[in-house]
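Enquirer: Sequence:
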Amino acid sequence: MKKFLTLLIIAIQFGVTAQEANDILSKVVTKLNTVKDYTVTANVKANIPMIKILPSKATIYFKQKDKFKVVSKGIVILPKQGFTEINTFLANKNSYIAVAGDTSKIGGVMTKLITVIPNGESSEIVLAKLWIDTKRSVIMKSQITTKSNGSVNTTYTYGDKVSFGLPSQLVFEIDVKAFKLPKSVAADINKTTTDKKVKTNNKGIITITLTDYKVNTGLSDALFTKKK
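When we follow our numbering, the leftmost residue of the sequence shown carries the number 2, and every step to the right adds one.
If you're looking for bench data, these hints aren't it; they were derived computationally from the structure. One thing to keep in mind: the hints can contain errors.
To be verified - List of simulated lysine-lysine pairs, DSS-like, C-alpha gap at most 27 angstroms:
1. LYS32 with LYS81
2. LYS106 with LYS28
3. LYS64 with LYS94
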């Protein structure tokens, strides 16, 4: 009888935390869904061990639900985890199980940890931990583990487009060995490692500052099929 009651209590507690998590995520998704499309200027600075990458500038185009295009004259390292990947994943409520965790402060903002686990093996995302500002319904920090890029930690800063859930800055921490870098950059890393045989920090930092948002202007689908 005690065992049955214990299992019942655990089931109830799990159900409560799952409902809380789903409610929080639903508000985040609802806010993101107010953005039908956007254009934004991205200034990218990458600090990758063993190589020198000059700051670059790009124009990013997005349209619901997963159209995404980057136009730049130089090499741009732009992790999708902080842009379309997690947003598209969260929009499909039937594709994951979510559980609410502890509260903690990030950048002076109180957040709630939501752990998200995919239901099926076909998902590129293996595990997502999201620290959410429940007052504004925005993600303040994420740790996304994927099959192809390992774990990527991201911190979010918001400006005048917070009402749309759009950040003004993203700071990514990547595992250089696991993350898929552009071929030319990856070649430089491999060459340096082979030639010098030195121990280095495997963590890279990519800072993306986003300015001049143009939201819900009615971008054409043709924009995403044309060559750069």
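Enquirer: Are the hints correct? Go through all of them and say.
Expert: So, going through the hints one by one against the coordinates:
{"no.": "1", "hint": "LYS32 with LYS81", "verdict": "holds (19 angstroms)"}
{"no.": "2", "hint": "LYS106 with LYS28", "verdict": "holds (20 angstroms)"}
{"no.": "3", "hint": "LYS64 with LYS94", "verdict": "holds (20 angstroms)"}
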